[in-house]
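Given the sequences, and given the hints that come with them, work out the whole structure.
Line by line, the protein sequences are chains H and C.
Following our numbering, the numbering of the first sequence begins with 1 at its first residue and continues without gaps.
Following our numbering, the numbering of the second sequence begins with 244 at its first residue and continues without gaps.
The hints are simulated quantities; they were obtained by calculation from the structure and are not laboratory data.
It should be emphasised that the depicted structure is a prediction, and the values quoted were computed from it without experimental measurement.
We put the beta carbon where it would ideally sit given N, CA and C, even for glycine.
Do not take every clue at face value.
Claimed, not checked - Pairwise CB distance ranges, derived in the manner of DEER restraints: (1) PRO422/C / THR29/H: 49 to 59 Å; (2) ASP6/H / ARG288/C: 39 to 49 Å; (3) PRO422/C / THR22/H: 18 to 28 Å; (4) ALA283/C / ALA79/H: 42 to 52 Å; (5) ARG282/C / GLN220/H: 40 to 50 Å; (6) ASP13/H / ALA338/C: 45 to 55 Å.
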Amino acid sequence: MGQSLDYSKVAFDLIDDLDGLTTVGKVMTRLGTTLAEFGYTSFLITGVPEPPQKLEPYILLNGWPRGWTEHYTRSNYYADDPVAAWCRRTVNPFEWSQAPFDAERSPRAAEVVNVAREFGLDHGFLVPIVASMGFQACVTMAGERPNCEPRAKRALHLIGMYAHARCTALIGCESDGQRRRILSERERDVLAWSAEGKSSWEIATILGLSERTVNWHVEQAKKKLDAVTRTQAVIKALRSGEI
Amino acid sequence: MIHVVTSANRHFYESELLTHFRLRHEVYVAERNWKELERADGLERDQFDNQVATYILAIDKAEIVGGSRLIPTTHPHLLSEVFPHLASVRGLPRAADTYELTRMFVIKSRREGRMMGGQTRGMVICGVLEHCLDNGIGDLTALVEMFWLPLFHAMGWKLIPLGLPELISGEWSVAVKMPIDKTTLESTRAFHGITGRAVVANQLASVAGTAA
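Structure (structure tokens):
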């Protein structure tokens with residue numbers, strides 16, 4: 001790695017290229033090449049739900065070493081992962097080693113960090129992302145001896161934000177709607193019928209519920225989607241692939 | 244509804260503008276703790292609040308609930324005078340059809356959810372876009388906190404960074420250029436569930452009505 005690497009050029013070249021990358025696979029390859037220039041050999045782009053929710057359904061792009069995600073899932077590490085915990089508390093990028101935890105009181109947290117090392121995830125850097133509608137997400141990356149100069153980290157901050165945006169845009173178009181669902185089945189049903197122009201009374205009849213229950217589900221959905229009106233909730237639900 | 248205040252009509256809006264400076268002081272000094280903006284008179288005004296400034300005011304039943312400010316980039320503005328180094332990679336665009344967007348805010352009681360603003364924020368942003376499209380403004384520049392980028396991406400905006408992010412008043416921020424057109428307005432309206440125009444049709448009649 002040359003010391004003369006122009007971090008801003010690397011970041012801006014990637015950002016310029018992203019719009020032309022039409023599949024998640026292409027973004028993954030291009031991002032992998034870019035991060036390698038900074039010494040990061042693996043990465044993950046994912047939503048960061050509150051435990052006890054599981055991480056796995058929220059993963060957008062998985063560039064972790066073979067076996068790590070499987071081990072992480074099987075061992076149920078997410079709830080104890082100190083890096084994930086810190087990510088949910090800050091909007092500022094950080095090195096993994098800055099994520100605080102007490103090894104005495106949380107031996108599980110220490111285990112996550114130690115086992116990660118065995119998979120080559122020695123030093124990491126994480127860019128938190130407060131996605132639209134309040135979803136927390138992140139781009140996180142790791143390597144054995146990455147570049148941690150301030151200018152490199154500023155470039156990676158930009159890279160993370162834009163790579164995440166491109167992935168969400170592409171997955172929004174491609175996906176089967178299985179990801180990042182926040183509405184319950186009933187809330188989805190009710191909004192889906194609203195989208196068909198049905199009134200609360202009609203929906204109540206169709207679903208065999210009381211009108212009051214239908215309205216209650218609509219109110220819950222509005223809260224979750226940060227929507228003011230039923231129409232806005234329907235639009236947001238459609239746009240995010242919930243219905 | 245959104246009112247657009249320029250040097251041509253600001254004599255009709257003197258009291259609204261004063262209230263808006265006071266609200267800005269509440270948002271930026273009291274709430275966000277930007278000490279350098281603190282003023283003894285409680286009105287947050289800087290050197291760019293001058294005759295060339297255009298104000299986008301969200302007024303709901305005579306109450307100012309949000310706003311924003313546009314400065315022509317051919318005049319001195321925040322990025323040109325205070326943060327030119329933030330545009331060091333791509334250079335600072337300065338052109339007659341390029342305006343700088345600053346001081347976008349929604350009063351506390353009108354914010355919903357974790358992301359600031361909701362419907363009121365949508366009205367302010369749509370007001371900015373309508374005013375720009377009405378007046379042949381094709382590019383906006385702005386200094387934005389990094390945590391805002393996902394929201395603008397989700398609204399369908401294109402944000403072209405001008406330099407690397409930097410810590411400003413404790414927040415990572417980046418200078419961006421944002422090309423805007425009819426599509427940007429359409430996707431922003433759809434995102435917020437706004438169907439009609441945000442800027443009021445007959446501004447003067449409407450402000451006379453609120454004063455009565």
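Evaluation of the provided hints:
Distance hint for PRO422/C and THR29/H: a CB-CB separation of about 28 Å, inconsistent with the stated range 49 to 59 Å. At roughly 40 Å, the beta-carbon separation of ASP6/H and ARG288/C lies within the given 39 to 49 Å, and the hint holds. Checked against the hint of 18 to 28 Å, the pair PRO422/C and THR22/H passes, with Cβ atoms roughly 21 Å apart. About 51 Å separates the C-beta atoms of ALA283/C and ALA79/H, a value consistent with the hinted range of 42 to 52 Å.
As the Cβ distance of ARG282/C to GLN220/H is approximately 44 Å, the hint placing it in 40 to 50 Å holds. A hinted range of 45 to 55 Å for the beta carbons of ASP13/H and ALA338/C is inconsistent with their spacing of about 25 Å.
The structure is inconsistent with the numbered hints 1, 6, although it conforms to all the rest.
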